[in-house]
Each structure stands twice: as C-alpha cells, then as structure tokens.
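Using the sequences and the hints given, assemble the complete structure.
Sequences listed follow chains A and B, in order.
Residue numbers are given in the numbering used here: position 52 of the first sequence equals residue 719, and the series is strictly consecutive.
Residue numbers are given in the numbering used here: position 173 of the second sequence equals residue 272, and the series is strictly consecutive.
No lab work stands behind these hints: they were computed from the structure.
Some hints here could point you the wrong way.
Just a few of them, taken from the derived set where beta-carbon distance is under 8 Å, the chain B residues facing chain A [what the hints assert, rightly or not]:
1. ALA235
2. PRO239
3. LEU317
4. GLY318
Beta-carbon label-pair distances, calculated as ranges [what the hints assert, rightly or not]:
5. SER685(A) to ALA312(B): 25 to 31 Å
6. GLY682(A) to VAL201(B): 39 to 45 Å
7. LEU674(A) to GLY282(B): 33 to 39 Å
8. GLY147(B) to LEU674(A): 54 to 60 Å
9. ALA175(B) to SER685(A): 23 to 29 Å
10. GLY682(A) to PHE197(B): 44 to 50 Å
Partial selection, computed: residues in chain B whose CB lies under 8 Å from chain A [as the list claims (entries may be wrong)]:
11. GLY236
12. TYR242
13. ALA243
14. LEU245
15. LEU249
16. PRO251
17. GLU319
18. ALA321
19. ALA322
20. LEU337
21. ALA338
22. LEU341
23. ALA342
By construction, the Cβ of each residue, glycine as well, lies at the ideal position given by its N, Cα and C atoms.
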Amino acid sequence: MKSVNALTVAAAVAGALSLAAVTSATPAMAAKTKCYGIAKAGQNDCGNAAGTHSCAGQSKVSYSGDDWKGVASAAACTEMGGQTKPFKGMNPKKKSS
Amino acid sequence: MLPDLQTAFCAGTVGRDTAAVAALADGGMENGHRFGIYRNNIFQSLTGVLAAAFPTVSKLVGDENFAVLAHRFIAAHPPQRPSLYAYGGNFAAFLAGFAPAVEELPFLPDLAQVEWAVNEAYFEADAEPLVADHLAGLAPETYARLRLHLHPTVRLIGSDWPVWDLWGAEALPDPWPPGEQEGAQRVLVRRPESKVDVVMLTPGDFAFLGALAAGDALGEAAAAGAAAGPDFDLATCLAGHLAGGTFHSGYTIDAS
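Here it is as structure tokens:
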C-alpha cells in the first residue's frame, strides 16, 4: 500500500472535525490568562510588557510586575497574589527569595 | 596583541592550558590563583545551566556524576553562542559517545534528547496552533488535498527505551532493565501555548507525524502510520492532535 486513497482521507478529515466539534475544550490551551507579578526570576513565560526581553526564562527579577506566567484563570491569578494587567516595580504581595 | 591574549585566555579556561596563563600580564597577585577562580566559576555556572536543561539526566546519574559529565562536555564543547539558554544542544550526542555513561545507562542519550527538545520547545518563537475551527470553512472536496504542517515547537523522539516513563522520573523504574516488549517508547514534545507538553505516541501516530514532518501528504502519511501500527486510525489521530495543538495554523491545499 503506497498511499491511502483520497476518499478515505476526506472521510477521516470529516470524522476528525466532527469529533473536534464534540470535544471543543482544548486541554493544551488551559493556561490562557497572563498573570503578572508572580513569576520568579527565569521562570516567566514568553515576553514581557516592558519589552526588555522577548522570551521565556529571561526575567532577571523575581515577582516583577512586568513579567507574566500563564495561569488557568483570572481568579487563579488573584489567588496567587498576581494581577492580570502589568504593573510597575515588584509585586508588593511577594517577597523576593 | 588582543586576539592573542583572548586566545590564550580561552585556552587557559576551558582548555585548562596552564602555560597560557603565564602569558597574562602580572597584576601583582599570583596569576595562576586568580585564573583558577575564574575558571572554576565558568565550569560551575555552565554545569548549573546543563543541570537546569537536563534535570532528569542529572537526577538519575546523581549530582557528582553529573558534574563529571558536565565538566568533560564543557571542555570538549565550550559555548558557541552568547546565550546560555542555547547551550547544551549537543549534550545528547556527547553522551552517546561517552562509553562509561552509556554502558551503565544506555538510555541516557535518548533521555537527554527529550529534555533538550523540551528546552527548545520552551524557547522557540510562539506560533498559532491549528484548531478545528480553522478547517471548518473548507469545502469537503478539498479535504483529500489538505496538507498539514507540524507546529514549529514540535519535536519527535523515538527510542528503544522507555524514555517517556523515564522523563521526570526520580529513580530508575523497578524492575530495571525493562522487558523487550514494554521497552521502546516514542515521544512528542510541543508547546502550542505557554506550557510544554510531553506526550507518549503509539507507533502508528509516531510514523504518521514523522511522515508529515518529512513533507508527506495526508494520504502517504496515513499509509506510513497504518504500516507502523495496526490500530492506527487517521480520524482519531487527527482529532487528538487538532485538540492538542500539534499542527501549525498554516495549512496548505495541494493543487488538484
């Protein structure tokens, strides 16, 4: 068998799309809310509000208000002492370690 | 003069060439001593970088053994780029060629490959994953000519060893070594959003995604998947990887 025929492929794609419609919750997209002020130095997710670095793990300051981590929801962010908008300086609710 | 000094400086640090140290200007304090401090700091910090990128390898061999491995690696492969996050890419290949390590723990190079894939996926530029909604507007006649591309953060690693079980392990599985049946595992690494996923694949899914990565169309890739695993099902496989974010949003349609 060199290749699966076009009809089979088309049917499989249609099947996959209808399956996806049923299970539209995408587990990989869970950490959607950008939460600022909770990331330790080097443990931030991609980018920061100040534009001083562009990617993950580059933050040199713990709990900086410019740096975010992906968390599940705004409620989870608040619970962790963070804010969903960037802010100036260090997070007053966190002590640097 | 300055290039000579820089070359001597480099030879004295990672190359441990003590003669080169003598060529440095005498600052009143013993140069050998000053240089030793500098050299130790380099090895210490780079060992820390490697331990952060390869936490499971480090855990399974133990801190002391890992420091020995790291020091040999650093001496043989000093950093080529001024970015520490990019350091360690050839650590897996180095381990494969280091007989004392692979004789005792033959899975180490494959495990290091998985850990490096996680590191790469983490630092790779963000890209939009393909979701079912992107394809919802397509006419069903075009489905057969659909060409999917893997998300740029995706890495595929096939191993003769249970690397998915070993990744993140605190200790070797008991009993060790595993029987031949349950030995081989195939791993998919991806980062569709902000979190890196490490997923175990069936032989069929692994062959299918590998064929897509090589540029095959869906029909050819599905045949490769079916040949590798009797239980391969294209629809289930596509649905799972659409939900997981394995594909890139930039799909194409072949000309008919």
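Going through the hints against the structure:
no., hint, result
1, ALA235, "holds, 7 Å"
2, PRO239, "holds, 6 Å"
3, LEU317, "holds, 5 Å"
4, GLY318, "holds, 4 Å"
5, SER685(A) to ALA312(B): 25 to 31 Å, "holds, 26 Å"
6, GLY682(A) to VAL201(B): 39 to 45 Å, "holds, 44 Å"
7, LEU674(A) to GLY282(B): 33 to 39 Å, "holds, 38 Å"
8, GLY147(B) to LEU674(A): 54 to 60 Å, "holds, 56 Å"
9, ALA175(B) to SER685(A): 23 to 29 Å, "violated, 54 Å"
10, GLY682(A) to PHE197(B): 44 to 50 Å, "holds, 48 Å"
11, GLY236, "violated, 11 Å"
12, TYR242, "holds, 4 Å"
13, ALA243, "holds, 4 Å"
14, LEU245, "holds, 6 Å"
15, LEU249, "violated, 14 Å"
16, PRO251, "violated, 13 Å"
17, GLU319, "holds, 5 Å"
18, ALA321, "holds, 4 Å"
19, ALA322, "holds, 5 Å"
20, LEU337, "holds, 4 Å"
21, ALA338, "holds, 4 Å"
22, LEU341, "holds, 5 Å"
23, ALA342, "holds, 5 Å"
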